[in-house]
Amino acid sequence: MTEDNYRPISPDLSSPFPSNPNPNPIPPPHASSSPLTHRASYDDSPFFNAYQRPGSGSGPSRVPQQYVPPFQPGFDDMARRSSRLLQHDDAPAPLLEPQLYTEAPPVMAVAPPMEMEEPMPAPPAAPIEVKTKFPVARIKRIMQADEDVGKVAQVTPIAVSKALELFMISLVTKAAQEAKDRNSKRVTASHLKHAVAKDEVLDFLADIIAKVPDQPAGRKHEDGEGSDQNEGRRKRGPRKPKEESD
Amino acid sequence: MSDREFNSNDDLSLPKATVQKIITEILPPSSGQTFSKDARDLLMECCVEFITLISSEANEISEKEAKKTIACEHVEKALKELGFADYVPDILAVAEDHKEQLKSREKKQSKMEQSGLSEEELLRQQQELFRSATEKYNQGPE
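Which chain is which? The protein sequence lines are A and B, in order.
Going by my numbering, the first sequence opens with residue -12, and the numbers climb by one from there.
Going by my numbering, the second sequence opens with residue 5, and the numbers climb by one from there.
Among the clues, some could well be false.
Unchecked claim - Result set (DSS-like, lysine-lysine): computed pairs, CA atoms no more than 25 angstroms apart in a straight line:
hint: 1; chain 1: B; residue 1: K112; chain 2: B; residue 2: K72
hint: 2; chain 1: A; residue 1: K138; chain 2: B; residue 2: K140
hint: 3; chain 1: B; residue 1: K81; chain 2: B; residue 2: K71
hint: 4; chain 1: A; residue 1: K172; chain 2: B; residue 2: K20
What the hints assert, rightly or not - Restraint-style ranges between C-beta atoms, simulated for each label pair:
hint: 5; chain 1: B; residue 1: D101; chain 2: A; residue 2: R169; range: 37 to 47 angstroms
hint: 6; chain 1: B; residue 1: Y141; chain 2: A; residue 2: V188; range: 24 to 34 angstroms
hint: 7; chain 1: B; residue 1: Q130; chain 2: A; residue 2: A124; range: 28 to 38 angstroms
hint: 8; chain 1: A; residue 1: V188; chain 2: B; residue 2: S136; range: 36 to 46 angstroms
hint: 9; chain 1: A; residue 1: Q164; chain 2: B; residue 2: L133; range: 56 to 66 angstroms
hint: 10; chain 1: A; residue 1: P200; chain 2: B; residue 2: E53; range: 51 to 61 angstroms
hint: 11; chain 1: A; residue 1: A184; chain 2: B; residue 2: E110; range: 22 to 32 angstroms
hint: 12; chain 1: A; residue 1: A197; chain 2: B; residue 2: D15; range: 24 to 34 angstroms
hint: 13; chain 1: B; residue 1: S119; chain 2: A; residue 2: D186; range: 50 to 60 angstroms
hint: 14; chain 1: B; residue 1: K71; chain 2: A; residue 2: A197; range: 28 to 38 angstroms
hint: 15; chain 1: A; residue 1: S171; chain 2: B; residue 2: E110; range: 44 to 54 angstroms
hint: 16; chain 1: B; residue 1: E67; chain 2: A; residue 2: S171; range: 41 to 51 angstroms
hint: 17; chain 1: B; residue 1: A97; chain 2: A; residue 2: R128; range: 40 to 50 angstroms
hint: 18; chain 1: A; residue 1: K172; chain 2: B; residue 2: L133; range: 52 to 62 angstroms
Claimed, not checked - Sample of chain A residues lacking proximity to chain B, with all beta carbon distances greater than 10 angstroms (derived):
hint: 19; residue: P122
hint: 20; residue: K185
hint: 21; residue: D201
No wet-lab data here; the hints were simulated from the structure.
Every residue, glycine too, gets a C-beta built ideally from N, C-alpha and C.
Okay, chain A solo, but in the shape it has when bound (with noise of 0.2 angstroms):
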């Protein structure tokens, strides 16, 4: 609000007439140009500062950051290179694919993996950091298919498919391990059910697991073998709908 009336101003001492200094309110250009606030963040990154060419005389500084990726799609970038990552974990060091722009290490510093839960040698791979998001809208119309369910503040849906996101992690990776236990490569869903069965917090979901037979029938249990592999990687086809916060 009243900052620019906080900006030091050295006393002008040079002329008896008081001159108006004009703090010259406009906000920096970038700062319009985008709503994220990581963009304002990825402008400050002092890779930026240190990055200037010794040499290049006229206004380098403007230089990097008209050929540097906007954020968005850096990100997409990173998280489908992180998700090839997973894919072929034998891959030695983390990514560095020729570099179409110099300023790669930036979006790294942007962007780090924000749990390491286990030490791991590919920072993209951090375990379990989910990128993909729910959208915000489906999230929020299932919330309000609820009759008894109102208004709802704009945060609220982001703050539950944030809880659905660690929900979900806390399900897949408790039914992964009831498969382990029985030997398993197959995670399906008799071993979810008893991962659910087994957690008082989820006695909610009771009513869903009872309608799961305890044996799987062997209708699904072969074919799905290969089949739901190659489904994984079909349907990741239509990238995820690109999620306005708003």
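Chain A is fixed; fit chain B onto it per the hints.
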């Protein structure tokens, strides 16, 4: 049967592709484990149930506080109430991120209001900006 995607309440479930993608992120092929289709479908049902649970609990809490809108704090309380307290820090972080984004937007707006210019003047400036932008666009970046 589970592969029919076009049943009537399809839009009240989660998008399959997204769910599958997330599963693959949690259980990458390198883990040696695969997640079967029926498990995925069950997981999706569980997820929808989870959303319903959280929102109805949050709704109750908000009603108790005589609020008409479910806010983040209600979700937070609902999670604690239902035994998902360990999700709370992450949720708050996400909500905070969102607020930051909104703030930066609002700041911009209030700067406009404080510019001390009349609405007509602002409109005129806007039109001018539009025009220059159109010109720039028409020139096109080569």
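Consistency of the hints with the structure:
1. A C-alpha spacing of about 29 angstroms is found between K112 (chain B) and K72 (chain B), which places the hinted pair above 25 angstroms, so the restraint is violated.
2. Note on K138 (chain A) and K140 (chain B): the hinted pairing is violated, with a Cα-Cα distance of about 42 angstroms set against a maximum of 25 angstroms.
3. Between K81 (chain B) and K71 (chain B) the alpha-carbon distance is near 14 angstroms, which keeps this suggested pair within the 25 angstroms criterion.
4. Taking the CA atoms of K172 (chain A) and K20 (chain B), the gap is near 22 angstroms; set against the 25 angstroms cutoff, the hint holds.
5. Restraint check, D101 (chain B) to R169 (chain A): a C-beta distance of roughly 40 angstroms satisfies the suggested window 37 to 47 angstroms.
6. For the pair Y141 (chain B) and V188 (chain A), the beta carbons lie near 55 angstroms from each other, so the given range of 24 to 34 angstroms is not met.
7. Distance hint for Q130 (chain B) and A124 (chain A): a CB-CB separation of about 29 angstroms, consistent with the stated range 28 to 38 angstroms.
8. With their beta carbons about 58 angstroms apart, V188 (chain A) and S136 (chain B) fall outside the hinted range of 36 to 46 angstroms.
9. Evaluation of the 56 to 66 angstroms hint for Q164 (chain A) and L133 (chain B) yields a pass: the beta carbon distance comes to about 58 angstroms.
10. The hint said 51 to 61 angstroms for the Cβ distance between P200 (chain A) and E53 (chain B), and at roughly 19 angstroms that hint is violated.
11. For the hinted restraint 22 to 32 angstroms between A184 (chain A) and E110 (chain B), the CB-CB distance of approximately 48 angstroms leaves it violated.
12. For A197 (chain A) and D15 (chain B), the hinted distance range of 24 to 34 angstroms is satisfied, since their beta carbons lie about 25 angstroms from each other.
13. Look at S119 (chain B) against D186 (chain A): about 56 angstroms separates their beta carbons, and that is inside 50 to 60 angstroms.
14. Checking the proposed 28 to 38 angstroms range against K71 (chain B) and A197 (chain A) shows it holds: the Cβ atoms sit about 35 angstroms from each other.
15. A hinted range of 44 to 54 angstroms for the beta carbons of S171 (chain A) and E110 (chain B) is consistent with their spacing of about 52 angstroms.
16. Distance hint for E67 (chain B) and S171 (chain A): a CB-CB separation of about 45 angstroms, consistent with the stated range 41 to 51 angstroms.
17. Between A97 (chain B) and R128 (chain A) the beta carbons are some 24 angstroms apart, a value that contradicts the proposed interval 40 to 50 angstroms.
18. Taking 52 to 62 angstroms as the suggested C-beta distance range, the pair K172 (chain A) and L133 (chain B) conforms, at roughly 60 angstroms.
19. Interface exclusion of P122 (chain A) from chain B breaks down, the closest Cβ pair being 7 angstroms apart, not more than 10 angstroms.
20. Distance check for K185 (chain A) against chain B: the nearest CB is about 14 angstroms away, which clears 10 angstroms, and the non-interface claim stands.
21. Against the 10 angstroms criterion, D201 (chain A) stays outside the reach of chain B, whose nearest CB is about 13 angstroms from its own CB.
In terms of the numbered hints stated before, the structure departs from hints 1, 2, 6, 8, 10, 11, 17, 19, listed from lowest to highest.
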